[in-house]
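Protein chains: 2
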Amino acid sequence: MIRVCVLISGGGTNLQALLDQKAAGFLPEAEFALVVSNRKKAYGLERAKAAGVKTAYLPTVRFDSNEAYNEALRDLLLEEKIDLVVLAGFLVVLGAPMVEAFKNRIINIHPSLIPSFCGDGFYGLKVHEQALKRGVKVTGATVHFVDSGTDTGPIILQKAVDILPDDTPESLQLRVMQQAEWKLLPEAVKLFSEGRLHVKDQVVQVDRS
Amino acid sequence: MIRVCVLISGGGTNLQALLDQKAAGFLPEAEFALVVSNRKKAYGLERAKAAGVKTAYLPTVRFDSNEAYNEALRDLLLEEKIDLVVLAGFLVVLGAPMVEAFKNRIINIHPSLIPSFCGDGFYGLKVHEQALKRGVKVTGATVHFVDSGTDTGPIILQKAVDILPDDTPESLQLRVMQQAEWKLLPEAVKLFSEGRLHVKDQVVQVDRS
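From first to last, the protein sequence lines stand for chains V and P. Residues in the first sequence are numbered from 29 upward in steps of one, following our numbering. Residues in the second sequence are numbered from 29 upward in steps of one, following our numbering.
The hints are simulated quantities; they were obtained by calculation from the structure and are not laboratory data. Treat the hints with care, since some could be wrong.
Lysine-lysine pairs mimicking BS3-like chemistry, simulated, CA-CA at most 27 Å apart [stated by the list, open to error]:
| hint | chain 1 | residue 1 | chain 2 | residue 2 |
| --- | --- | --- | --- | --- |
| 1 | P | Lys-69 | V | Lys-211 |
| 2 | V | Lys-69 | V | Lys-154 |
| 3 | V | Lys-228 | V | Lys-211 |
| 4 | P | Lys-187 | P | Lys-228 |
| 5 | P | Lys-161 | V | Lys-228 |
| 6 | P | Lys-228 | V | Lys-161 |
| 7 | V | Lys-68 | V | Lys-154 |
| 8 | V | Lys-161 | P | Lys-218 |
If we strip away everything but chain V, and leave its shape as in the complex, we get (with noise of 0.2 Å):
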């Protein structure tokens, strides 16, 4: 059994993708130790709660500097034995304190097939807004490990979405919610939590057998 921490900064719609698989016996060798929050009304700090979930509210205000919230961050999973990072919608950067304690051990869920639409700036609706812009016909979402680049870390999974003619960034974003990101998500999880995500040479093998 591996102790995933969930971090979040609003609704928390893919934690409650994963509380759901893990009601559901879809996630049985991981257990949803801690949900962490650095906004004290995020909603998805109500939805750990009724699942029976530990939660933590980390403002960035109580420290100077990205790195010292970092610092903090790293010393509280550290101390609650968290095996996994899952970051669903977590909107403060990740520095060298996080990544380099947790090096293939944080993922991350994108709404686009990276290396498309990704990197600085590309998050949230901007990223559909882009793809509709480019006038692409197909999109997706990515579940990645994070590393110290943006949106550059080994990729987990990935799953198309096909964009529709009147199509706009909003009804784009829910449709690559449903049809990808509240699906892959659950997947990478309970893929690490059986150990069978081996990363070599920056890319993911995924042990299916």
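Based on the hints, put chain P in the right spot on chain V.
Chain P only, in chain V's frame:
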């Protein structure tokens, strides 16, 4: 009925996919009027002849510059009253004379989901090598109109293809052809021939009514 010219340099498997769909009755509004190769021994020329399609051999060595080649190609295609130009593995760079004479009437197929793995230096096997090196789990193919940039024109159709654990650049190239390229290219020619492609603000709207 529109008159289509296919430009090739080699084996012409994408040309064959078009000819097969024409023979099967899938492209009633498209007449394959001409196949042009810059290489005399391109096997695609044999495929064209076998299907009763007129061929032309236009080698680059006859011309002083890429621009002069493009002017000669343009004049040939205008003389043949070509409505649509299809690039099917044509290894000569299309320049201003062609692009301006056939604006939004030249289509190309690229073996990735643009904007991933495209632009200068990304052609043939190199595209698939880079996709595997980055460790993406989903790739695909894109049919797009050709503009003055490299792979920057309006996207017509895209199709995703899963990457498999044991893929090599060669196995991936073949599967992308089979699952995506050979389907997308005839579909794009069909849509064009039926007047169903409309370009607005560099985005292609596909009329499927």
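Against the structure, the hints:
Taken as a hint, the P:Lys-69 and V:Lys-211 pair is broken in the structure, with Cα atoms around 50 Å apart against an allowance of 27 Å. Of the supplied pair hints, the one linking V:Lys-69 and V:Lys-154 holds, its CA atoms being roughly 24 Å apart against a limit of 27 Å. For the suggested pair V:Lys-228 and V:Lys-211, the alpha carbons sit about 25 Å apart, so the restraint of at most 27 Å is met. About 21 Å separates the Cα atoms of P:Lys-187 and P:Lys-228, which keeps this hinted pair within 27 Å; it holds.
Annotation: proposed proximity of P:Lys-161 to V:Lys-228 holds, straight-line Cα distance about 11 Å (limit 27 Å). Between the alpha carbons of P:Lys-228 and V:Lys-161 the distance comes to roughly 11 Å, so the proposed pair stays at or under 27 Å and holds. In summary, the hint linking V:Lys-68 to V:Lys-154 is supported, as the alpha carbons are separated by about 25 Å, within the 27 Å threshold. Our distance criterion of 27 Å between C-alpha atoms is met by V:Lys-161 and P:Lys-218, whose separation comes to about 25 Å.
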